[in-house]
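Asker: The lines below spell out each chain.
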Amino acid sequence: GESVGLHLPTLSVQEGDNSIINCAYSNSASDYFIWYKQESGKGPQFIIDIRSNMDKRQGQRVTVLLNKTVKHLSLQIAATQPGDSAVYFCAERKNTDKLIFGTGTRLQVFP
Amino acid sequence: NAGVTQTPKFRILKIGQSMTLQCTQDMNHNYMYWYRQDPGMGLKLIYYSVGAGITDKGEVPNGYNVSRSTTEDFPLRLELAAPSQTSVYFCASFRAGHPYEQYFGPGTRLTVT
Chain A
1 GESVGLHLPT LSVQEGDNSI INCAYSNSAS DYFIWYKQES GKGPQFIIDI RSNMDKRQGQ
61 RVTVLLNKTV KHLSLQIAAT QPGDSAVYFC AERKNTDKLI FGTGTRLQVF P
Chain B
1 NAGVTQTPKF RILKIGQSMT LQCTQDMNHN YMYWYRQDPG MGLKLIYYSV GAGITDKGEV
61 PNGYNVSRST TEDFPLRLEL AAPSQTSVYF CASFRAGHPY EQYFGPGTRL TVT
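Just so you know, the sequences run in chain order A and B. With this note's numbering as the guide, the letters of the first sequence map in order to residues 1 to 111. With this note's numbering as the guide, the letters of the second sequence map in order to residues 1 to 113.
Misleading hints may appear alongside valid ones.
Claimed, not checked - The list that follows gives simulated cross-link-like pairs (lysine-lysine, BS3-like), each with its CA atoms no further than 25 Å apart: (1) A:Lys42 / B:Lys9; (2) A:Lys42 / B:Lys44; (3) B:Lys44 / B:Lys14; (4) A:Lys94 / B:Lys9; (5) B:Lys44 / B:Lys9; (6) A:Lys56 / A:Lys94; (7) B:Lys14 / A:Lys94; (8) A:Lys68 / A:Lys94; (9) A:Lys42 / A:Lys71; (10) A:Lys42 / A:Lys98; (11) A:Lys98 / A:Lys71; (12) A:Lys71 / A:Lys94; (13) B:Lys44 / A:Lys71; (14) B:Lys57 / A:Lys98; (15) B:Lys44 / A:Lys98.
These are computed hints drawn from the structure, not numbers from a lab. Keep in mind the model is a prediction, meaning the values are calculated, not measured.
Between the sequences and the hints, there should be enough to build the whole structure, so can you do that?
Answerer: Okay, here's the thing in structure tokens:
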């Protein structure tokens with residue numbers, strides 16, 4: 001089953017630094033992995049996705065890395081800005097039209 | 001396009017009361033989903049629909065019901081509210097073939113006391 005947590009892990013970074021947010025997934029049969037950003041009081045917003053046959057994908061200021069050997073997904077944000085402060089969720093799709101979401105990581109950006 | 005809209009934004013219910021959370025999308029998406037998000041947690045899938053007239057259970061369907069009579073609307077019904085249903089509810093939709101790019105509504109914050 002999924003791991004759940006009572007407290008969100010928090011990553012604090014200084015403005016301008018790079019951020020790395022990590023996620024462990026559970027099912028080796030998952031074929032898509034997605035990162036979402038959720039700002040306070042809003043619904044999640046799609047950031048970037050990666051297929052299971054890839055190990056890296058880049059977007060605008062973001063890079064997603066997939067390590068299938070250890071079932072690990074990471075989101076790298078370059079030159080982190082105050083507007084990047086949010087909770088970040090990874091999600092996996094297991095060959096269906098349903099997504100399984102992780103518990104999230106809170107990113108705090110300080111000046 | 002308004003995207004995905006949800007009403008109400010906030011609601012307080014007494015135990016045993018019923019209510020319907022409304023969700024509407026204007027993007028002609030086939031797929032629609034209802035999630036709940038408890039404090040400090042990820043999203044749990046309640047119900048989903050792959051098209052008008054078709055619905056299916058997600059991870060946590062107990063205590064909820066849905067219907068999908070049109071492409072645009074996907075209401076979520078709580079029949080006998082319980083404190084365990086206190087949560088934030090999100091509706092989402094996507095185009096067939098792009099399930100990873102789900103568009104989420106702003107959420108409904110429900111408190112059951």
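Asker: Holds or violated: Lys42 of chain A with Lys98 of chain A, Cα cutoff 25 Å?
Answerer: 21 Å, holds
Asker: Decide if the proposed pair is consistent with the structure: Lys94 of chain A and Lys9 of chain B, CA atoms, cutoff 25 Å inclusive.
Answerer: 31 Å, violated
Asker: Taking only the CA atoms, is the gap from Lys44 of chain B to Lys9 of chain B under or equal to 25 Å?
Answerer: 19 Å, holds
Asker: Next pair to validate is Lys42 of chain A with Lys9 of chain B; report whether the Cα-Cα distance is within 25 Å.
Answerer: Within the cut-off at roughly 11 Å; holds.
Asker: Is it true that the CA of Lys71 of chain A sits at most 25 Å from the CA of Lys94 of chain A?
Answerer: Roughly 14 Å between the alpha carbons, so the hint for Lys71 of chain A and Lys94 of chain A holds.
Asker: Given the hint that Lys44 of chain B pairs with Lys14 of chain B, does the C-alpha gap stay at or below 25 Å?
Answerer: The given pair, whose Cα atoms are some 23 Å apart, holds under the 25 Å limit.
Asker: Quick one, are Lys14 of chain B and Lys94 of chain A close enough, alpha carbons at most 25 Å?
Answerer: Given pair Lys14 of chain B, Lys94 of chain A is violated - Cα atoms ~37 Å apart, limit 25 Å.
Asker: Is the hinted pair Lys44 of chain B and Lys98 of chain A satisfied, with a Cα-Cα distance of at most 25 Å?
Answerer: 11 Å, holds
Asker: Assess, step by step, whether the Cα of Lys68 of chain A is no farther than 25 Å from the Cα of Lys94 of chain A, and give holds or violated.
Answerer: Satisfied, since the Cα-Cα distance of roughly 14 Å is no more than 25 Å.
Asker: Starting from Lys44 of chain B, check that the Cα of Lys71 of chain A is at most 25 Å away, please.
Answerer: Within the cut-off at roughly 21 Å; holds.
Asker: Are the Cα positions of Lys57 of chain B and Lys98 of chain A separated by 25 Å at most?
Answerer: Cα-Cα ~11 Å, so holds.
Asker: Given the hint that Lys98 of chain A pairs with Lys71 of chain A, test it: the Cα-Cα distance must not exceed 25 Å.
Answerer: Distance ~19 Å between Lys98 of chain A and Lys71 of chain A Cα, so the pair holds.
The structure fails hints 4, 7, 9 (numbered hints given earlier, in ascending order).
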